[in-house]
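Taken in sequence, the protein lines are chains A and B.
For the first sequence, my numbering assigns the number 416 to the initial residue and increments by one for each residue that follows.
For the second sequence, my numbering assigns the number 416 to the initial residue and increments by one for each residue that follows.
Do not rely on the hints blindly, as some may be mistaken.
Because identical chains cannot be distinguished in the list, a pair is counted as satisfied if it fits within a single copy or across any two copies.
[To be verified] Restricting the straight-line Cα-Cα distance to at most 30 angstroms, the calculated cross-link-like pairs of lysine-lysine (DSS-like) are:
1. 830 to 533
2. 419 to 466
3. 625 to 606
4. 573 to 630
5. 837 to 598
6. 419 to 429
7. 625 to 573
8. 534 to 466
9. 598 to 573
10. 598 to 630
11. 429 to 837
The set of hints was computed from the structure by calculation and includes no laboratory data.
There are 2 protein chains.
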Amino acid sequence: MILKYYDECGSPTKTRLHEEFLTPLELTSRLRPISQQYAPGTNDDCIADIKTTFRHSLKTMHPLFFDKLYFGSDPIGQVAELVLAVLNANTHVYHVSPVVSVMEVECIQVIGKHFGLKKENIDGTLNPGGSMSNTMALLLARHEHFPHVKQDGWQNDKPVAFTGAQSHYSLRSAAMICGMGAKQMVSIPSKEESFQINTEALEESIVWHKQNGHKPFFVNAVAGTTVMGAFDDIIVLREICNRHGLWLHVDACWGGFLTFASPEHQGNRLRGIELADSISFNPHKGLGVVQQCSMLITNNKPDALRQCNGLDAEYLFQPQNGGYDNGNKTLGCGRKGDALKLWLAIRKHGLDGFRRIADNEIEKAQHMTRLINDADDFDIVVAPMGTNVCYWYIPAFFQDNPDEYSHERKAMVHKMLFDRMKNYGHCLVQQQPLEEFGLPNFFRLALGGDKTRPSDMNVILNETRRLGRDLAPDDVDAAIASS
Amino acid sequence: MILKYYDECGSPTKTRLHEEFLTPLELTSRLRPISQQYAPGTNDDCIADIKTTFRHSLKTMHPLFFDKLYFGSDPIGQVAELVLAVLNANTHVYHVSPVVSVMEVECIQVIGKHFGLKKENIDGTLNPGGSMSNTMALLLARHEHFPHVKQDGWQNDKPVAFTGAQSHYSLRSAAMICGMGAKQMVSIPSKEESFQINTEALEESIVWHKQNGHKPFFVNAVAGTTVMGAFDDIIVLREICNRHGLWLHVDACWGGFLTFASPEHQGNRLRGIELADSISFNPHKGLGVVQQCSMLITNNKPDALRQCNGLDAEYLFQPQNGGYDNGNKTLGCGRKGDALKLWLAIRKHGLDGFRRIADNEIEKAQHMTRLINDADDFDIVVAPMGTNVCYWYIPAFFQDNPDEYSHERKAMVHKMLFDRMKNYGHCLVQQQPLEEFGLPNFFRLALGGDKTRPSDMNVILNETRRLGRDLAPDDVDAAIASS
């Protein structure tokens, strides 16, 4: 089954993203339930379940899967995951997981160094997901600015933090979780031309909040926003944070992999990231490591993680393990040994392999942008800063009658195309609106993970054409009416 | 390598828990670093790393590994993890992970039913670890009692929550994270005879806090405490919570697997758990599913998870997926498809297999208790409520001179024995003190996962004898002096 899966993913233009897409109800009826499985099942029973799983799951390893910001894993990651499962290693205390504990510390060093941090300033931890990394960054800043909260709780402190309107919703979630309230994660508008955080609006908001008795303490910058792939200006944000004494976190979960790009492709995207107080980064996104593999790196904040999160569970975490009881830095206790996946990915592909991924994805984004600019039936939303290419499709009728392609119809056309892609299964590109700028739904092609060839860019456009060329006002209006 | 690992774990009395235990520094020197790995490595390079990983990791699948509350995974879980890695499935939105999303909902139903919950009252989510499940339970209770906190933050609300002194440190951590402060997670002493939470002391504390203007809202009960394996009296706790209008959470991460025990073994341990508002449970602990596999189940709290944690990321979570966009209930966004591991474990072993695990572990705990009670050189701490057997070893000299076996020496003997076990590697049993009752270090044998035979109980005692019989006051005092 695994080999068949590999074969099918290796022939992207001939195979579909799934063998059959079913609704939850249909799928439930295909899976023989487990609630009455009292006696042991045979191996064939198990294989039947695994077959159903393969048959109806999406092939994320398929080069035309672009729905989310992750991509199919590569074989070395699958081997690593199997080894981890056999070992059942748990990265909390060194003496039960010596190897993955050492690998975790080393992986954080290697990635931290690529972000330009000094070796002696680097600390961090792997986490089950970027949302947790961002939440931990907010908690670190909270502990630096409001150290009493850890033990005593918020004391009418009037905390306020700032993030761009285009940042991930986990920042608001973090503010919700940590008890300051989601509203206190102030949303700063983006610049119209670049979708970066508007740094002037940010500073005005900080000043206003200070004047009104609030205590700003945290700014989140994004390196690679979810939708547009924009990179905030970290240098300017660092200056603002310095002026006002705020913690600067960079959410590089998605765009951080471009740190590996060669100088001619690097550009200014990540300029200044070495000045951040903390960085979150998901190797399971752009670099194609098997999920989950997410990290929070701190910069020149010695022992901050342990001081913030440690609760002196002394029976568990013992100084004799030389600081390798990594669980003492986390919010949880046990964690999977995700470092092995990143370690083996570096061993197998080399850091030059990561450079190749970064360079290829940037080149493909540029290539796709050219194709769209050259086509009459596609329209670019904005020239990409990173590797997210955002574009509209214009069905045949509307090419001839551009005035008829209203906001509402444009939005529905992209929803309909997405549903057709989802059910037809030759490629899947995420689509969404951008409410901040009133942009109706468009496609967002997020390039990462290095499974896609440049020639696939045309495949995607042609498949979109094939699925959409019949769309005319009546069909679209009917869909709007019934939605 | 995997087959060799299986072989070695299959001959527990002849093999060690690791081939060689190294310090972090020694281990780092054995692992060729990745920081300079620019060019791709060969397959042999990767295999060398994997060999080192196997060589120096602990064999958690070894039947004499008892250091933590988890055990080696079984082969079906390893297969499941490989399938998950190949699919790279991410359980946030249905349309990219239809199969694992449906499996997650079904697994929560099956486990919830075994806890006695009514089908229509069950909701829940899988999480990366029991600490997160407990944290989410506290957040649910917070949202029910202080709904303004989600958006506006704590407003001098004076919240207070309660947990037993023997509960897991993640409860204090949850109070720290959620901004009420760790001190507001009030620690209630245990009953001396049973190590259960003292329900009278709890109610007194609730009343006192109410009289002093605090707002109690949450009580954590434990089903299977970390050290002693005690089960709190859920019936009485439910009555107290009803009287005072509090959320009752049961942390059954460890002891929950005994819900599968047959009636003659079941006892009162989990009596009343069907009355809880929420239950956390880790199939990766007692049931031996590959880590991580943890769940939070809510009882008759329709839509509470989504209301508490959802942030209307509408571009992501869409109603058309019929409530199967499970990510909308969680604190994160993407999650691994852990449900496949539990699903296949049920298919392979059947629910009767889980009953067999529960029954076997209870029987072994009783057997071990008899062996210890019958031996002159071991002393039981207390008759076990669940499957944690806690005992002291008495070296030869101290058997003859019991007055010489002081508190301090007893503590050091167990630390020394643990270090010998750790380095010698034939078995590994956790040891710790119990500060609440001033008990010096003792061994805690936590039985779960069904890899251990009854005859291994004697193996453990004999290995402890072999390692400890030479210990006399001078050696112990020297160790104390140099510690």
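Structure-based check of all given hints:
For the homomeric pair residue 830 and residue 533, neither the shortest alpha-carbon distance inside one copy (46 angstroms) nor that between copies (38 angstroms) is at most 30 angstroms. For a Cα distance limit of 30 angstroms, the shortest separation of residue 419 from residue 466 qualifies both inside one copy, at 11 angstroms, and across copies, at 28 angstroms. Within a single copy, residue 625 and residue 606 get their C-alpha atoms as close as 23 angstroms, which meets the 30 angstroms cut-off; across copies the closest is 50 angstroms, which misses it. Proximity of residue 573 to residue 630 under the C-alpha cut-off of 30 angstroms is found in both arrangements, the shortest distances being 6 angstroms within a copy and 21 angstroms between copies.
Taking identical chains as interchangeable, the C-alpha atoms of residue 837 and residue 598 are never at most 30 angstroms apart, the minima being 35 angstroms within one chain and 50 angstroms between chains. Taking identical chains as interchangeable, the C-alpha atoms of residue 419 and residue 429 lie at most 30 angstroms apart only when both belong to the same chain, with a minimum of 14 angstroms there against 41 angstroms between chains. When the C-alpha separation of residue 625 and residue 573 is checked against a cutoff of 30 angstroms, the pair qualifies both within a copy, at 10 angstroms, and between copies, at 26 angstroms. With identical chains, the CA atoms of residue 534 and residue 466 are at most 30 angstroms apart between copies only, with a shortest distance of 28 angstroms across copies and 47 angstroms within one.
With identical chains, the CA atoms of residue 598 and residue 573 are at most 30 angstroms apart both within one copy (12 angstroms) and between copies (20 angstroms). Taking CA atoms no more than 30 angstroms apart as the test, residue 598 paired with residue 630 passes in both settings, with 14 angstroms inside one copy and 23 angstroms between copies. In this assembly of identical chains, the alpha carbons of residue 429 and residue 837 lie at most 30 angstroms apart only when taken from the same copy (16 angstroms versus 55 angstroms across copies).
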